[in-house]
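If you number the sequence shown the way numbering that gives the first Met the number 0 does, the last residue is 514 and the count never jumps.
Worth flagging that the hints you see were computed from the coordinates, not collected in a lab.
Certain hints may be false.
[What the hints assert, rightly or not] Only pairs whose alpha carbons sit at most 30 Å apart, straight line, appear in this in silico DSS-like list of lysine-lysine: (1) K38 with K447; (2) K411 with K336; (3) K336 with K389; (4) K433 with K38; (5) K411 with K433; (6) K141 with K96; (7) K141 with K433; (8) K336 with K322; (9) K322 with K378; (10) K389 with K38; (11) K389 with K378; (12) K269 with K206; (13) K336 with K447; (14) K141 with K206; (15) K364 with K269; (16) K387 with K336; (17) K96 with K85; (18) K387 with K364; (19) K378 with K38; (20) K336 with K206.
[Stated by the list, open to error] Pair ranges (Cβ atoms, derived): (21) G300 with G187: 15 to 25 Å; (22) D399 with P456: 21 to 31 Å; (23) W207 with Q409: 42 to 52 Å; (24) Y158 with N355: 29 to 39 Å; (25) Q71 with G176: 37 to 47 Å.
Note that the Cβ used here is the ideal one computed from N, Cα and C, for glycine as well.
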Amino acid sequence: MKAHKVRSQTALLITGLVLLMLSLSSCQRACSFHSHELKLVSSYNFDIDAASTLFADLRSDGNPLLITAHAQGDGSSVMLQNLRGKAISQINIPDGKISCLRSLTNPTDNIPWLFFSYAEGNMLHLRAARYTWQVPLKLEMKSFEPYPRDDYLMGVKTYKWAPLLAPEILDDIDDDGRLDLVCMAADGFSANPRGLMVFDFETGALKWFFQTPCELTSLHFEDLDGDGTREFIFANFAHNNTAVSLNGLSDRSGHITVLDRYGRLVSQQKVFDGLGVAQLQIRDVDQDSILDIYAIISTQGANTDSDLILRLHYESAQLRRIKELNLPNTLQYNFVKNFLRRLDNSANYYLVVNDNQHGLRLYDKSLLDVTPRQALNIKTVFAIEDLKQKGYKAIIALSDRDEIVVLNHQFKELTRLENPFPEQQSMQLEVIDKGEGNERQIAISSEKGLQVYALDPIPLSSYIYRLFILYNPLILLILLIILFYVIMLSKGQLKSFIYSINQLGEGLILVSSKG
Numbered sequence: 000m001k002a003h004k005v006r007s008q009t010a011l012l013i014t015g016l017v018l019l020m021l022s023l024s025s026c027q028r029a030c031s032f033h034s035h036e037l038k039l040v041s042s043y044n045f046d047i048d049a050a051s052t053l054f055a056d057l058r059s060d061g062n063p064l065l066i067t068a069h070a071q072g073d074g075s076s077v078m079l080q081n082l083r084g085k086a087i088s089q090i091n092i093p094d095g096k097i098s099c100l101r102s103l104t105n106p107t108d109n110i111p112w113l114f115f116s117y118a119e120g121n122m123l124h125l126r127a128a129r130y131t132w133q134v135p136l137k138l139e140m141k142s143f144e145p146y147p148r149d150d151y152l153m154g155v156k157t158y159k160w161a162p163l164l165a166p167e168i169l170d171d172i173d174d175d176g177r178l179d180l181v182c183m184a185a186d187g188f189s190a191n192p193r194g195l196m197v198f199d200f201e202t203g204a205l206k207w208f209f210q211t212p213c214e215l216t217s218l219h220f221e222d223l224d225g226d227g228t229r230e231f232i233f234a235n236f237a238h239n240n241t242a243v244s245l246n247g248l249s250d251r252s253g254h255i256t257v258l259d260r261y262g263r264l265v266s267q268q269k270v271f272d273g274l275g276v277a278q279l280q281i282r283d284v285d286q287d288s289i290l291d292i293y294a295i296i297s298t299q300g301a302n303t304d305s306d307l308i309l310r311l312h313y314e315s316a317q318l319r320r321i322k323e324l325n326l327p328n329t330l331q332y333n334f335v336k337n338f339l340r341r342l343d344n345s346a347n348y349y350l351v352v353n354d355n356q357h358g359l360r361l362y363d364k365s366l367l368d369v370t371p372r373q374a375l376n377i378k379t380v381f382a383i384e385d386l387k388q389k390g391y392k393a394i395i396a397l398s399d400r401d402e403i404v405v406l407n408h409q410f411k412e413l414t415r416l417e418n419p420f421p422e423q424q425s426m427q428l429e430v431i432d433k434g435e436g437n438e439r440q441i442a443i444s445s446e447k448g449l450q451v452y453a454l455d456p457i458p459l460s461s462y463i464y465r466l467f468i469l470y471n472p473l474i475l476l477i478l479l480i481i482l483f484y485v486i487m488l489s490k491g492q493l494k495s496f497i498y499s500i501n502q503l504g505e506g507l508i509l510v511s512s513k514g
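Modelling step: build the complete structure from the supplied sequences, incorporating the hints.
Here is the structure:
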């Protein structure tokens, strides 16, 4: 009976210690060690500082090329290299600085084109290049109608005109059987040119220009109301650096604007006053054949004290607000453009929003906060992509400690890496698509060079070691519990044996051989 009592007490003690161990385990700091690492795949430095970079699969073989623009004297050059730094081609521009690189695929033959814009004197130029990958390499060039400068700062010699044309859509937008090239025009300060330009892709002629005094954001071309024809929809920055008003827009407020396919204003809704930016994403989140328009509005200055997330529908040529969420005036100003995503294999869409004070936030399609865990100290979100091509998104961001951070779809930190270009203000991060079925890679570049990383699980031995280091006190506690249990069990068995011997009716007499 006494042995049984000892064993019961021991079992109770062990149970209590195990519960204490589990409590301590649950209090461990989230993601105290990383399960993945960013493994360097390739790295090299540019011979000449790069003004801009672009990754594009110009060969259509699943292996993107690195395209860089470089200033050379009064002119520029465009360099094509593979991701190991081998030079493939060079395009020279004798006069002008290249301000934008883009790549779009011709929908009629699936051949990718490379576009670049540059200013020469008081003219803004846009050119395109198409390669035929043969030996020797064949290059076809195309030019578009140049745009002449005409603004109130032309007489100010100290002002450096810095315009650009950013090609966004290559498609037959007005169903006339001819391809059109849709570009967003922007400049640094003078409000000329800013707006939406559409060129005839074959002739290069400018078809129409919807001019604005503000820079545009998040251009989409969709059938918003389901009537069989597509509309343009976009939002804008408000920098407050010009007093010009055009087409219902100014640089002192933010709007969501809808144009028809011919560039005519159809609908417009103001979403903020003062400094700020609005970004749009469009998805059919309910699978009901009605496109949902989501807008994130981040403001600056003293004109507003709150930011907004909106859910809208476009009906009868009007933008109608379905849901509105007011938030503190702390949303990240330059947030990730593709903020509305499916994060896992489910059909559910979520909005990933970065709050400068409260960290990353996750909202469902009804704008309810469903943030799974805290992810603080995020400075900039670069991308939300399925790196492993398994249906689960990773969030790649820059922390306020100047570290590259990778989180999984539940905001658990997988790894972090010191910024490889800490002194370079022009650092860029892009996710490289290596073709269907291949894991994507993370390219970090600056004007000085490029580094490409793959997200890999840490080796099993490292995982076990880090697990041991993290839970070292708990492991010692488990060993002590086992040792204590063995000692108590041994004592209990010894006492039971002695007690049994004393209860025998006969005794044992030990005698020596000498009698």
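Okay, the hints, checked on the actual structure:
no. : hint                       : in the structure
1   : K38 with K447              : holds, 20 Å
2   : K411 with K336             : holds, 22 Å
3   : K336 with K389             : holds, 22 Å
4   : K433 with K38              : holds, 16 Å
5   : K411 with K433             : holds, 25 Å
6   : K141 with K96              : holds, 18 Å
7   : K141 with K433             : holds, 28 Å
8   : K336 with K322             : holds, 20 Å
9   : K322 with K378             : holds, 27 Å
10  : K389 with K38              : holds, 19 Å
11  : K389 with K378             : holds, 27 Å
12  : K269 with K206             : holds, 28 Å
13  : K336 with K447             : holds, 26 Å
14  : K141 with K206             : holds, 17 Å
15  : K364 with K269             : holds, 22 Å
16  : K387 with K336             : holds, 21 Å
17  : K96 with K85               : holds, 24 Å
18  : K387 with K364             : holds, 25 Å
19  : K378 with K38              : holds, 23 Å
20  : K336 with K206             : holds, 28 Å
21  : G300 with G187: 15 to 25 Å : holds, 20 Å
22  : D399 with P456: 21 to 31 Å : holds, 27 Å
23  : W207 with Q409: 42 to 52 Å : holds, 46 Å
24  : Y158 with N355: 29 to 39 Å : holds, 32 Å
25  : Q71 with G176: 37 to 47 Å  : holds, 40 Å
Going through the hint list in order, the structure satisfies each hint without exception.
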